[in-house]
Amino acid sequence: MERAESSSIKPPVTSLGVLGWLRANLFSSWINSLLTILTLILIYFFGRVLVIWSVREANWSAVTNNLGVLTWGRYPNTEVWRLGVSLILIVLMGVLTWVQWSRQENQRSRPVLLAGWLMMPFVLTILIRGITMPTFRTIINNIGYYIVHPDVLIALDQTWRANAALTLTGLLAGASWMIFQKRRSRILTNVGALVVLALMVPLSTLSQPWIFGLRTPMAIPMLLTFGLCLLIGRAVGRSFTNMVGRAHVLGAIWMISLPIVVIVLTTFEVGNEAVDPVEALMIVPPNIWSGILLTLSLSVVSIAASFPIGVLLALGRRSSLPVVKGFSILFIELVRGVPLISILFMAQVMLPLFLPLGVNIDRVLRAMAGMILFTAAYLAEIVRGGLQAVRNEQVEAARALGLNEFLVTSLVVLPQALRAVIPPIMGQFVSIFKDTSLVAIVGLLDVLAVGQSVIKAREYLGAVREIYLFAGLFYFVFSYAMSQASRRLEARLGVVESE
Amino acid sequence: MSESIIVCKEVHKWFGNFHALKGVGMEVKKGEVVVIFGPSGSGKSTFIRTINRLEEHQRGTIIVDGIELTHDIRNIAAIRSEIGMVFQQFNLFPHLTVMQNITLAPIWVHKWPKDKAEEIAMQLLERVGIPEQAHKYPGQLSGGQQQRVAIARALAMQPKIMLFDEPTSALDPEMIKEVLDVMAELAKSGMTMLVVTHEMGFARAVADRMFFFDQGQIVESGSPEDIFKKPKEERTKLFLSQILSH
Ligand SMILES: Nc1ncnc2c1ncn2[C@@H]1O[C@H](COP(=O)(O)OP(=O)(O)OP(=O)(O)O)[C@@H](O)[C@H]1O
Ligand SMILES: [Mg+2]
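Line by line, the protein sequences are chains A and B. Using my numbering, you'd call the opening residue of the first sequence number 403 and step up by one each time. Using my numbering, you'd call the opening residue of the second sequence number 9 and step up by one each time.
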């Protein structure tokens with residue numbers, strides 16, 4: 403009864419044909435006609451000059467001969483295939499996501515896709531940066547060495563390895579204890595946690611200064627780390643108890659994580675003898691990334707990492723906890739009060755101050771950190787606007803259903819808030835994409851900087867226009883694609899808002 | 009039918025300096041349908057919102073199904089999942105389909121598998137008479153349909169108590185009946201209901217007891233029979249004559 407019945411009366415025809423469209427849109431009044439003609443003349447004039455120049459005079463070899471340099475810069479030629487594979491992976495994931503999105507009824511592939519996207523950062527990092535894997539022999543050697551001489555980690559100043567192992571295990575164990583309440587399904591978790599904890603025993607008896615120079619057995623800070631992560635894991639796990647029956651998922655996570663923990667713990671280098679690492683993929687340090695590769699990795703990393711941070715800051719700013727709120731406000735206002743260029747400089751010179759001695763992160767990573775913090779602060783303000791647009795009645799309705807505050811925020815408030823601010827968020831992304839060109843100032847070679855160095859080569863001395871046109875076109879294509887994506891997203895999610 | 013599922017004693021609530029509830033006491037038995045009415049600003053909404061703790065009371069005790077409402081967050085969660093609430097403005101989640109609106113809480117709070125939640129949601133949509141709207145968004149429905157979805161959403165948590173805060177006052181006249189019909193059916197099925205409403209026809213037909221609120225207090229209570237035929241208080245008489253004259 404509420405469905406539309408097919409009726410015999412058709413809606414009036416509204417399409418006009420080409421001439422009709424022209425008349426309705428371009429020549430509807432004398433002033434409109436005048437403007438149309440003037441614009442056409444202008445387009446013709448500029449277009450003609452551009453076309454004649456690019457066909458007759460331009461020396462495109464400056465671009466075509468240097469396409470490689472402009473694209474991957476100093477990335478070793480033998481390894482460029484890895485960039486190709488990365489590109490294919492990204493496009494593949496994009497297409498799969500697109501397909502799944504346009505077919506709404508098929509929701510089953512969703513978790514798989516999500517997991518795929520979550521793994522992308524790691525996969526891409528390994529692919530593009532490369533990876534060194536210890537051989538099996540090294541691992542066995544080092545485990546042995548570590549058990550006999552646990553102080554090796556302290557001597558090498560690498561106790562972070564133990565903490566990393568504990569953090570990962572704690573989170574995993576906490577979550578899976580929450581998700582799997584039955585004793586039988588907990589076996590894997592218990593065994594996994596016990597293995598890691600057993601590995602910690604030798605180290606835990608040693609003493610080392612940790613907080614305020616306090617010197618205690620390592621057991622205390624280690625237990626604190628483990629306990630804290632256990633609690634966090636439990637809190638997260640509690641929200642996912644409806645994963646019950648997905649034992650295989652968690653099983654798989656454990657199977658992958660356990661070896662990682664062991665590898666993390668034991669890939670320290672002891673002199674020359676015990677190390678026998680195999681460079682599975684040749685390491686190409688970010689420091690030498692340049693050209694389009696640098697521009698794109700800077701933008702992708704800052705966009706992907708700043709988004710969650712920005713959302714957290716926005717939530718933090720509205721938090722009722724004064725410390726969280728104060729920190730968020732301070733951070734947002736500080737960062738927004740400083741131009742990006744100074745943040746980039748500060749990231750280069752200040753960041754090492756905050757890192758433990760001996761940890762030396764490379765210049766590209768420092769630039770990334772700077773851009774992430776910068777973008778996060780602006781996103782936080784945008785998202786805050788979105789949060790304010792969500793009516794309090796929505797929160798009340800969600801609470802009345804028995805959702806806890808975490809679920810209220812993540813299932814009801816955030817989705818609505820973010821939808822409301824897709825255009826400004828995308829605008830911010832486009833803007834940070836273009837702003838990556840500023841890294842040239844701190845000596846990094848983004849696509850523009852590479853272009854400038856090409857121009858300085860003797861054979862391409864005159865090709866200034868061609869190079870800049872190429873760079874301009876590159877920026878335009880990506881910016882345009884992003885704003886198109888934004889409009890699609892909006893149109894797709896916007897159906898909903900017509901309340 | 010004898011034990012009280014809601015016990016409120018001497019409930020006080022202030023908004024800043026404004027004394028919104030001045031010692032409200034009420035006991036509701038299992039399966040009872042209680043209608044609350046009274047002039048605007050008399051504290052009706054505030055009172056029923058204290059029962060699922062959307063508002064905190066500052067003095068007095070509220071005991072729901074044997075659990076006293078205190079600051080303990082666990083209690084609040086437990087209480088809220090036993091109480092369904094339907095609002096004047098529907099408050100459906102606009103970014104979710106009707107189906108997702110209904111299954112959200114069962115999936116995330118009761119941890120039901122999605123299939124089970126959707127099956128039950130479908131049954132509820134049939135019960136409120138709009139199974140064919142399951143995959144639309146709230147914005148695509150009429151007010152009456154939205155309010156029926158809101159009722160289904162609350163029922164999906166299988167609550168023991170349902171609170172209604174003027175569920176029909178935002179509706180066009182022709183849609184009021186479809187919502188009241190659903191509520192009457194729900195009452196007949198034995199649900200404990202607290203309904204703030206000025207639909208006196210509904211009250212007369214469905215309510216077991218009625219409470220007249222004014223200025224943060226219960227002025228008078230009794231069966232619909234008593235309230236309509238022989239109200240004791242002058243204020244009740246006056247108010248009834250005002251709203252019944254429409
Ligand atoms: N959050 C609030 N802050 C301050 N005052 C409030 C708040 N909520 C309600 N009040 C006041 O408390 C009194 C009771 O409000 P309540 O909404 O309970 O009235 P009501 O009986 O439901 O009225 P109506 O029929 O208009 O819905 C009103 O005077 C109102 O102004
Ligand atoms: Mg009210």
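Be aware that one or more of the hints could be misleading.
[To be verified] Only part of the chain B face toward chain A is listed, based on derived beta-carbon distances under 7 Å:
(1) S12
(2) I13
(3) L62
(4) S89
(5) N99
(6) M107
(7) A113
Since the hints were derived computationally from the structure, they do not count as laboratory data. Owing to the predicted nature of the structure, the values given are computational and were not obtained by experimental measurement. We put the CB at the ideal spot given by N, CA and C, even for glycine.
Agreement of hint I13(B) with chain A interface, Cβ distance less than 7 Å
17 Å, violated
With a cut-off of 7 Å on the beta carbons, see whether M107(B) makes it to chain A.
For M107(B), the interface hint is violated, since the closest Cβ of chain A sits about 12 Å away, which is over 7 Å.
Proposed interface contact between A113(B) and chain A, which counts if any beta carbon pair is under 7 Å:
This hint holds: A113(B) lies near chain A, its Cβ roughly 4 Å from the closest one there, short of 7 Å.
Hint check: is the beta carbon of N99(B) less than 7 Å from a beta carbon of chain A?
4 Å, holds
Mind checking the CB of S12(B) against every CB in chain A and telling me if the closest is under 7 Å?
22 Å, violated
Interface restraint verdict for L62(B) against chain A (beta-carbon cut-off 7 Å):
5 Å, holds
Close enough to count: is the Cβ of S89(B) nearer than 7 Å to one in chain A?
Status holds, d = 3 Å.
Checked against the numbered hints given earlier, this structure breaks hints 1, 2, 6; the rest are met.
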